[in-house]
Structure formats: C-alpha cells, structure tokens
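Peer 1: Just so you know, the protein sequences line up as chains A and B, in that order. At position 82 of the first sequence the residue is numbered 82 (this note's numbering), and the sequence of numbers has no breaks. Just add 1000 to wherever you are in the second sequence, counting from 1, and you've got this note's numbering.
Everything labelled a hint here was simulated from the structure, so no lab data went into it. The reader is advised that the hints may include incorrect statements.
[Stated by the list, open to error] Listed next, the stretches of chain B that the computed footprint assigns to chain A, with coverage defined by at least 3 CB atoms under 8 Å from CB atoms of chain A:
1) 1017-1031
2) 1038-1044
3) 1051-1057
4) 1096-1104
[What the hints assert, rightly or not] One-sided and incomplete, this derived list gives chain A residues near chain B with beta-carbon spacing under 10 Å:
5) G14
6) I18
7) D29
8) A81
9) F90
[Unchecked claim] Pulled from the structure, derived: some chain B residues nowhere near chain A, Cβ distances all over 12 Å:
10) T1007
11) P1010
12) A1125
Even for Gly, the Cβ is constructed at its ideal location relative to N, Cα and C.
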Amino acid sequence: MSLPALVGRTYRDGHPHIVTRAALRDFADSLQLSEQSLDNPRRSDSFRDRDTPTPPTYPIVLSLNATFEALKRGGVTLDEAPVLHREQEFTHHRPIRAGDALNTACTVIGVRSVAGYDLWSTRSEITDVRADPVCTVQITLAVRKGRST
Amino acid sequence: MTADDITLGPVSFSVSRAQLRHYAESSGDHNPIHLDPVAAAAAGLPDVVAHGMLTMGLAMRAITEQTTGSWTVQRSHARFLRPVPVGANSPTVLVVQGAVRPLAEDPATTKAEVTVRCSGAPVTAVTAVLRDRDSD
Chain A
1 MSLPALVGRT YRDGHPHIVT RAALRDFADS LQLSEQSLDN PRRSDSFRDR
51 DTPTPPTYPI VLSLNATFEA LKRGGVTLDE APVLHREQEF THHRPIRAGD
101 ALNTACTVIG VRSVAGYDLW STRSEITDVR ADPVCTVQIT LAVRKGRST
Chain B
1001 MTADDITLGP VSFSVSRAQL RHYAESSGDH NPIHLDPVAA AAAGLPDVVA
1051 HGMLTMGLAM RAITEQTTGS WTVQRSHARF LRPVPVGANS PTVLVVQGAV
1101 RPLAEDPATT KAEVTVRCSG APVTAVTAVL RDRDSD
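Throw the hints in and build the complete structure from the sequences for me.
Peer 2: As structure tokens, then:
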C-alpha cells in the first residue's frame, strides 16, 4: 500500500480509556502543577473542575497513542525512525473528569513531504460513553523520510 | 499588540532530565529522543530534547494561571519550532511570554498568544482561546 492510501483511514481503540484521578494528578505533577498552584483561586476552571485538576493538554495521552497505532497499522515504521512533533491543536467540547470512559477514533487526514521528512497529520475524535464529543485533537508528526515505508 | 492587550509573563520554568522521565511516564510518550542521549544523537539532535507537549503544557499553565475569573479553555494550538535540548547536569530554562486580548466580537472570549523561548530563541508558539463561564 502506498503511503497516501492511508489518508482517510480511521483507527478505533478497542476498549475505552478510563480516566483515573491518579493519572490526572500525575500528569499535572509532571507539568509542575503543584498543590499550591492548583489551589490558587485565580487559576482557570479547567484546572479547578470538581476536585481533580485536568490540564488542558491531557487529551494528548489518548490521541498520541491513537496516532501511533493508526500509522503503524497502516505500515508506517515508527519504532526506529526519529519522530518529531510538529504541530498540535485541541478543541475542547467539555472538560475531562476522573471517571470518564473515553473512546478515541483517529483518522489519518494528510501526509506531505518536507525537507527529508514525511509530515503525517491525524484528527482524533474523543467521545464519552454516550458518544458525546469531549475533545477533537489534531496532531502533525514529522517522520524522517526513507524509514517510513 | 494593540492598546487592549494585556502582557502575559515572562514566566520561567526549568526543565530537568528527571522531569522528562516523569512526563514520559505520565503522558505515555516514551520516544527515546526524550530519554536516551544515544537515540537523540542518532536522530541528529545535540542532546535529549524536551517533549514538545511538555513545552505546550507549560505554556498553557502560564496562560491559565495568569487569567483571572472562571475561564475555560476552548481551543489551543501549538507549533513546535525548535528542539529544546536538556543536559544531564543543569536544567534548561524556558521563558513564556506573550499577550492576552479580549476578542472584539465577543468580550467573554479571550485569545492568548505566547511564545516559549529557550536561550532567547523561540521554540514553541502557542495560541489559546478561553471563554468566561460566568457569561454563559
């Protein structure tokens, strides 16, 4: 299969990703979001929602993995090739909360070549158990050419 | 910049190798260019580099922590312009700076535009649209 034939293909997670309080807190901690800053009343509601902070970039946890799976299953070799993140966009439809069970459908939306790299773009639609939209995530990765076959 | 722009930052963050390992675990992104100097060198990088999403996460932190009121992030976008090398012995300093501006067509919505810099060079450009929940 030629690489452009991948465009338009969709990969779906086999089972829902359960968002745990511990995972949200660990993600926030890794962004140096201390208890003090989380309790700061001036902080955004996205960090204050209920009692567990949800950093607005958290949906990357679901969508980056879905992007790798979508590309790998389409025959793109990512394991040895240097992969660089080029561009990222989130559109939030509602906040993510601990206890959410989320499904991700990731569609390859484009590939183009630039200076020795293939730029792969995907769009992931993250939905909840009622199939209501939670977040739309667009990712562009640069994969060094010649190795993505 | 216009007269209505509110300056955001500069806010500084230091990023260490330990934080890269922590972010790799919390995000599930174990790309070796963020963890292994040999893999980074093989990819043509000067050293292990910070996850682009770590730089975006820190930029969003700077934006949300400096925005007063009950704001919710509607959209955010990042372009990763340059790799951010992180040495073994001393942390790398990132500086987030930009501006926040209410949208003329909808004052309950604010647009933030910030640049993350490393040693003066822009490494990540982030825009975010936030909406005041109290207005809904």
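Peer 1: All hints are to be evaluated individually against the structure, with a verdict given for each.
Peer 2: Hints and how they fare:
1. Given a C-beta distance limit of less than 8 Å, the hint that chain A covers the segment 1017-1031 of chain B holds, as 9 residues qualify and 3 suffice.
2. Only residues whose C-beta sits within less than 8 Å of a C-beta in chain A count toward coverage, and the segment 1038-1044 of chain B has 3 of them, enough to reach three; the restraint holds.
3. Only when three residues or more bring their CB closer than 8 Å to a CB of chain A does the claim for the segment 1051-1057 of chain B stand; here the count is 6, and the claim holds.
4. Counting residues of the segment 1096-1104 of chain B whose C-beta lies closer than 8 Å to any C-beta of chain A gives 0; at least three are required, and the coverage claim is violated.
5. Annotation: G14(A) was flagged as interfacial toward chain B, and the flag is violated, the nearest CB pair being 16 Å apart, outside 10 Å.
6. Annotation: interface hint on I18(A) violated; nearest CB of chain B at approximately 14 Å, more than 10 Å.
7. Nearest Cβ of chain B to the Cβ of D29(A): about 7 Å, under the 10 Å cut. The hint holds.
8. The restraint placing A81(A) at the interface with chain B holds, with a minimum CB-CB distance near 9 Å, inside the 10 Å limit.
9. Satisfaction of the interface hint for F90(A) is found here, the shortest Cβ-Cβ separation to chain B being roughly 5 Å, below the 10 Å cut-off.
10. The Cβ of T1007(B) sits about 16 Å from the closest Cβ of chain A, beyond the 12 Å cut-off, so the non-interface label holds.
11. No beta-carbon of chain A is positioned within 12 Å of the beta-carbon of P1010(B); the least distance is around 16 Å.
12. The claim that A1125(B) is not at the interface with chain A is violated, since a C-beta of that chain comes within 12 Å of its own (minimum 10 Å).
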